[in-house]
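For reference, each letter of the sequence shown is one residue, going 9 to 262 in this note's numbering.
Take every hint as true, because none was put in to throw you off.
Derived DSS-like pairs: lysine-lysine, alpha-carbon spacing no greater than 25 Å straight-line:
1. Lys190 with Lys247
2. Lys190 with Lys154
3. Lys143 with Lys154
4. Lys190 with Lys143
5. Lys173 with Lys154
6. Lys146 with Lys190
7. Lys21 with Lys190
8. Lys154 with Lys21
9. Lys148 with Lys190
10. Lys173 with Lys148
11. Lys21 with Lys76
DEER-style ranges, computed between Cβ atoms:
12. Lys143 with Arg24: 32 to 42 Å
13. Gly229 with Lys143: 22 to 32 Å
14. Gln49 with Glu95: 30 to 40 Å
15. Ala204 with Met9: 14 to 24 Å
16. Ser119 with Phe241: 37 to 47 Å
17. Gln248 with Asn117: 39 to 49 Å
18. Glu95 with Leu262: 38 to 48 Å
19. Ala254 with Arg24: 32 to 42 Å
20. Asp161 with Glu50: 40 to 50 Å
21. Gly255 with Gly129: 32 to 42 Å
22. Arg127 with Glu72: 18 to 28 Å
23. Asp22 with Gly255: 38 to 48 Å
Derived by calculation from the structure, the hints in this document are not laboratory data.
In this text, all values refer to a predicted model and were calculated from it rather than measured experimentally.
All residues carry an ideal CB built from backbone N, CA and C; glycine is no exception.
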Amino acid sequence: MLTKRIIPCLDVKDNRVVKGVQFVNLRDAGDPVELGARYSQEGADELVFLDITATIRSRKTIVELVEKVAENVFIPFTVGGGVQTAEQIDAILRSGADKVSVNTAAVENPSIITRAARRFGNQCVVLAIDARLSKTRKGKWHVCVKAGSQPTDIDVVEWAVEGEKSGAGEILLTSMDADGTKAGYDIELTRAVSDAVNIPVIASGGAGTLDHLYEGIVAGGADAVLMASITHFGNYTIKQMKEYLAGRGIPVNL
Numbered sequence: 009m010l011t012k013r014i015i016p017c018l019d020v021k022d023n024r025v026v027k028g029v030q031f032v033n034l035r036d037a038g039d040p041v042e043l044g045a046r047y048s049q050e051g052a053d054e055l056v057f058l059d060i061t062a063t064i065r066s067r068k069t070i071v072e073l074v075e076k077v078a079e080n081v082f083i084p085f086t087v088g089g090g091v092q093t094a095e096q097i098d099a100i101l102r103s104g105a106d107k108v109s110v111n112t113a114a115v116e117n118p119s120i121i122t123r124a125a126r127r128f129g130n131q132c133v134v135l136a137i138d139a140r141l142s143k144t145r146k147g148k149w150h151v152c153v154k155a156g157s158q159p160t161d162i163d164v165v166e167w168a169v170e171g172e173k174s175g176a177g178e179i180l181l182t183s184m185d186a187d188g189t190k191a192g193y194d195i196e197l198t199r200a201v202s203d204a205v206n207i208p209v210i211a212s213g214g215a216g217t218l219d220h221l222y223e224g225i226v227a228g229g230a231d232a233v234l235m236a237s238i239t240h241f242g243n244y245t246i247k248q249m250k251e252y253l254a255g256r257g258i259p260v261n262l
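Turn these sequences into a full structure, and let the hints guide you.
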């Protein structure tokens with residue numbers, strides 16, 4: 009088994025880290041620069057920064073804030089939110105990010121994945137997929153856009169496969185049904201996507217206990233686990249997470 013990654017997520021709105029349930033009822037969780045620096049120092053493997061209102065408000069990700077965060081973290085750093093063009097990806101990478109995630113723009117124009125991968129390398133392109141369980145197709149999930157607020161008819165597993173073929177180097181898979189609930193990752197969803205693609209899958213949405221991290225990796229087949237609530241509000245430290253996983257036989261960077 010390859011080394012698994014622990015990745016805190018900074019959901020950013022109006023220059024502050026926030027966390028809610030399914031992207032609503034948001035609570036303030038702190039300053040993104042301070043939190044990013046803390047997680048970097050604590051030993052997180054990577055960091056994800058998502059400007060969660062950029063697409064809804066039709067504006068670009070806050071490049072200046074990304075620069076400040078990048079100056080204070082010394083781990084791989086992924087940025088997403090409102091990214092629509094290769095030029096914006098270029099600007100974000102130049103501001104200090106190591107990877108850029110695309111969601112709505114990729115659904116609207118899948119060629120952005122291919123163009124970005126050719127220009128910057130597959131390792132820089134993360135396909136973010138916000139998934140909801142389908143009410144009409146049993147055991148299936150559909151892709152949501154606009155920060156999870158708008159459902160589409162696109163099947164999640166099929167979209168993940170297409171994204172890999174288009175050049176995405178990684179998939180950030182968020183269960184909108186589980187997001188912020190602390191009830192655990194959607195294991196069936198995570199496993200379905202992990203089994204369908206050959207690129208790394210990051211499980212996101214629902215982490216509430218250390219057991220959930222283990223389940224996301226072992227039962228879900230995830231290569232990395234993303235969390236927010238349980239780190240922002242002091243439930244667990246990165247060290248506790250890694251020591252727990254290592255104690256259960258999961259290879260992590262201690």
